[in-house]
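J.: Protein sequences, first through last, are from chains A and B. Residue numbers for the first sequence follow the working numbering, beginning at 1 and rising by one. Residue numbers for the second sequence follow the working numbering, beginning at 1 and rising by one.
Source of the hints: derived by calculation from the structure; they are not laboratory data. No residue lacks a Cβ here, since even glycine has one placed at the ideal position from N, Cα and C. Heads up, some of the hints might be wrong.
Simulated pairs of lysine to aspartate or glutamate, EDC-like, Cα-Cα distance not exceeding 16 Å [to be verified]:
1) Lys144(A) to Glu131(A)
2) Lys214(A) to Glu234(A)
3) Lys212(A) to Glu131(A)
4) Lys144(A) to Glu47(B)
5) Lys61(B) to Glu131(A)
6) Lys101(A) to Glu47(B)
7) Lys67(A) to Glu104(A)
8) Lys35(B) to Glu104(A)
9) Lys112(A) to Asp202(A)
10) Lys130(A) to Asp152(A)
11) Lys143(A) to Asp50(B)
12) Lys101(A) to Asp295(B)
13) Lys65(B) to Glu126(A)
14) Lys144(A) to Asp50(B)
15) Lys61(B) to Glu219(A)
16) Lys65(B) to Glu131(A)
17) Lys74(A) to Glu219(A)
18) Lys212(A) to Asp165(A)
19) Lys112(A) to Glu290(B)
20) Lys61(B) to Glu104(A)
Calculated from the model, a selection of chain A residues having no Cβ within reach of chain B, i.e. all distances over 10 Å [unchecked claim]:
21) Asn85
22) Gln162
23) Ser235
24) Lys264
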Amino acid sequence: MSDLAIRALNLSKRFCIEKRTPRYATREFLEDAMRAPFRRFSFFVRQAIPNKNGQQAKNDKFIWALKDVSFEVKHGEVVGIIGPNGAGKSVLLKILSRVTKPTEGYAEIHGKVGSMLEVGTGFHPELTGKENIYLSGAVLGMKKAEINRKFDEIVAFSEVEQFLDTPVKHYSSGMQGRLAFAVAAHLEPDILFIDEVLAVEDAAFQEKCLGKIKEVLREGRTVLLVSHNMNTIESLCDQAILLSKGKIVFNGDTHEVVSQYLAKNYQ
Amino acid sequence: MNIQNKIANWTKLDSVGDLLVPAVDRLVTIIQPPKGWVPLELRGLWEYRDLLYLFVWRDLKLRYKQTMVGASWAIIQPFIAMVVLSIFFGKLIKVPSEGIPYPIFAYTALVPWMYFVNALTQSSNSVVGNYTLITRVYFPRLVIPITTVVTGLLDFAIAFAILIGMMLFYGIVPTAAIWTLPFFIMLTIATALGLGLWLAALNVEYRDVRFILPFLTQIWFFITPVAYPSSLVPEPWRAIYSLNPMVGVIEGFRWALLGKAQPPSVVLVISVIAVIGLLIGGLYFFRYKEGTFADVI
Numbered sequence: 001m002s003d004l005a006i007r008a009l010n011l012s013k014r015f016c017i018e019k020r021t022p023r024y025a026t027r028e029f030l031e032d033a034m035r036a037p038f039r040r041f042s043f044f045v046r047q048a049i050p051n052k053n054g055q056q057a058k059n060d061k062f063i064w065a066l067k068d069v070s071f072e073v074k075h076g077e078v079v080g081i082i083g084p085n086g087a088g089k090s091v092l093l094k095i096l097s098r099v100t101k102p103t104e105g106y107a108e109i110h111g112k113v114g115s116m117l118e119v120g121t122g123f124h125p126e127l128t129g130k131e132n133i134y135l136s137g138a139v140l141g142m143k144k145a146e147i148n149r150k151f152d153e154i155v156a157f158s159e160v161e162q163f164l165d166t167p168v169k170h171y172s173s174g175m176q177g178r179l180a181f182a183v184a185a186h187l188e189p190d191i192l193f194i195d196e197v198l199a200v201e202d203a204a205f206q207e208k209c210l211g212k213i214k215e216v217l218r219e220g221r222t223v224l225l226v227s228h229n230m231n232t233i234e235s236l237c238d239q240a241i242l243l244s245k246g247k248i249v250f251n252g253d254t255h256e257v258v259s260q261y262l263a264k265n266y267q
Numbered sequence: 001m002n003i004q005n006k007i008a009n010w011t012k013l014d015s016v017g018d019l020l021v022p023a024v025d026r027l028v029t030i031i032q033p034p035k036g037w038v039p040l041e042l043r044g045l046w047e048y049r050d051l052l053y054l055f056v057w058r059d060l061k062l063r064y065k066q067t068m069v070g071a072s073w074a075i076i077q078p079f080i081a082m083v084v085l086s087i088f089f090g091k092l093i094k095v096p097s098e099g100i101p102y103p104i105f106a107y108t109a110l111v112p113w114m115y116f117v118n119a120l121t122q123s124s125n126s127v128v129g130n131y132t133l134i135t136r137v138y139f140p141r142l143v144i145p146i147t148t149v150v151t152g153l154l155d156f157a158i159a160f161a162i163l164i165g166m167m168l169f170y171g172i173v174p175t176a177a178i179w180t181l182p183f184f185i186m187l188t189i190a191t192a193l194g195l196g197l198w199l200a201a202l203n204v205e206y207r208d209v210r211f212i213l214p215f216l217t218q219i220w221f222f223i224t225p226v227a228y229p230s231s232l233v234p235e236p237w238r239a240i241y242s243l244n245p246m247v248g249v250i251e252g253f254r255w256a257l258l259g260k261a262q263p264p265s266v267v268l269v270i271s272v273i274a275v276i277g278l279l280i281g282g283l284y285f286f287r288y289k290e291g292t293f294a295d296v297i
């Protein structure tokens, strides 16, 4: 019996690429509402009045950002998600972290989820570093007491001690990134979703972040990691999923998947 | 039915092969496409009370940042409104004020009214204003509009302190009815939140809300007895008039604090029922729309 962390079944997400203008949408809605009372008589009228409700309007153009993605992840596994831009990696993480809903499919997640989908989520430029630690921590799902407990650790990790009382808008982007990562890295979820968070850091801090992630992994967390950096993927992940055009192309051993990806030259 | 069949039913797969089995003690999150009515999940909201607290604290910190007079705005706004109303309605038009000096008659109404307008405006714009959070991280979205109606209470408290000062100045001693005041405050909050939820959710898709709001509150001011007593409204119209929950609120404030207006009656019952309907409807509508926020915003 294995210990399931994430199960995704046929997850699909459809996006509208050519959006109806709200005015058109409203008109359609009103039209439909006015037709509705007559629809029940269409049996007599014989000439069926089309019901647009629930169906796609003709003028809409859709794209499947994710189509029939199924996979399973065991507890304690670290899975890399790779693929070219627009492959659906971020959408997948957004669906799993409940930011957006799938159009079709089903997924179940066993355990407390933490996500680092974008650096500095919840930061407010006018507030100080200290205040932003609390705010960002709470946004990521931490309790206030939990942040209190880890506050010193977070500050030490972020290396911005002297600027704690300075509004974050005066921080360099590197400093903001460090602070944001520090907060997120001190989440204690069972399952962690990470999306390309190491992109803005300098080499030294990246090294430190990788160290922190490895530490998190040693504690037996489950991690789903999106990255364009194959070195990161290969050094951290046991398994990888290659996505392309919203579909899973390969799912398996990291080295195999990475070499497939590089060979096919998706980039 | 075993898990295999269940999952095969959920999806279009015929068989799903060997499945991993989760440990039983963990929190389970099910992710599915939205369909039909969404439960309110108030317990999930309670789990995020710390976030609510920090959002309120953030908004309070930011509210008067880079202003010259800061929180004095909470006093200046209703006070100047009172002066203007006293001059035009009280002195020039000579609107009756039920034997109460007109300035305090108006100010007692302006305190809840200003809170209502602010809370309604802020909550209606709250979801759109927090789009960076909405598109990046999960938390119960209801936290956002609730934050705004809580934040507004600070301004309310400041303006209320001035009201107490004015009562002392005019030598008005409240009757025992003052104990009903918390109820009327709750009613104001519920009205602002109830409508705010509708507008906040609609605002995500239709930014028309932003244009409707100033217009709406302006008209609403006239159909609410802020500048005049509701006794001016002819009897046959009372029932319809009191469908506006702010009628019950303002009448209640005057009754509870100044003790002179008529005690609340059927008017209030109608108002309360209207608010409960508005709030429950708003909560469900917001939850229903919430699934698409991140995509539409």
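J.: Now look at each hint and say whether the structure bears it out.
T.: Evaluated hints:
Restraint check for Lys144(A) and Glu131(A): the C-alpha separation of about 12 Å stays at or below 16 Å, so the hint holds. With a C-alpha separation of about 12 Å, the suggested pair Lys214(A) and Glu234(A) falls inside the 16 Å cut-off, and the hint holds. Using a Cα cut-off of 16 Å, the hinted pair Lys212(A) and Glu131(A) is violated, with the two alpha carbons roughly 23 Å apart. Pair hint Lys144(A) plus Glu47(B) holds up; C-alpha atoms about 12 Å apart against a cutoff of 16 Å.
For the hint pairing Lys61(B) with Glu131(A), the CA-to-CA distance comes to about 10 Å; that is within 16 Å, so the pair holds. Between Lys101(A) and Glu47(B) the CA atoms are separated by roughly 21 Å; this puts the pair beyond 16 Å, and the hint is violated. Using a Cα cut-off of 16 Å, the hinted pair Lys67(A) and Glu104(A) holds, with the two alpha carbons roughly 9 Å apart. At most 16 Å may separate the alpha-carbon atoms for a hinted pair to count; Lys35(B) and Glu104(A) meet this at roughly 11 Å.
Pair hint Lys112(A) plus Asp202(A) does not hold up; C-alpha atoms about 30 Å apart against a cutoff of 16 Å. At roughly 10 Å between alpha-carbon atoms, Lys130(A) and Asp152(A) fall within 16 Å of each other, so this suggested pair holds. This hinted pair checks out: Lys143(A) and Asp50(B) have alpha carbons roughly 6 Å apart, not beyond 16 Å. Pair hint Lys101(A) plus Asp295(B) holds up; C-alpha atoms about 9 Å apart against a cutoff of 16 Å.
Proposed proximity of Lys65(B) and Glu126(A) is supported: the alpha carbons are some 9 Å apart, at most 16 Å. For the proposed pair Lys144(A) and Asp50(B), the alpha carbon gap of about 6 Å is at most 16 Å, so the pair holds. Proximity of Lys61(B) to Glu219(A) is assessed by CA-CA distance (about 37 Å); at most 16 Å being required, the pair is judged violated. Between the alpha carbons of Lys65(B) and Glu131(A) the distance comes to roughly 15 Å, so the proposed pair stays at or under 16 Å and holds.
For the given pair, Lys74(A) sits about 14 Å from Glu219(A) by alpha-carbon distance, which is consistent with the 16 Å threshold. Taking the CA atoms of Lys212(A) and Asp165(A), the gap is near 25 Å; set against the 16 Å cutoff, the hint is violated. The hinted pair formed by Lys112(A) and Glu290(B) fails the criterion: a straight-line CA distance of about 22 Å is larger than 16 Å. For the hint pairing Lys61(B) with Glu104(A), the CA-to-CA distance comes to about 42 Å; that exceeds 16 Å, so the pair is violated.
Under the 10 Å C-beta cut-off, the non-interface status given to Asn85(A) relative to chain B holds; the minimum distance is some 18 Å. Even its closest Cβ contact with chain B, about 21 Å, leaves Gln162(A) beyond 10 Å, as expected for a residue assigned away from the interface. At the 10 Å boundary, the C-beta of Ser235(A) stays outside the reach of chain B, the nearest C-beta of that chain being 26 Å off. Every CB of chain B lies more than 10 Å from the CB of Lys264(A), the least distance being 27 Å, so the non-interface label holds.
Hints 3, 6, 9, 15, 18, 19 and 20 from the earlier list are contradicted by this structure; the remaining hints agree with it.
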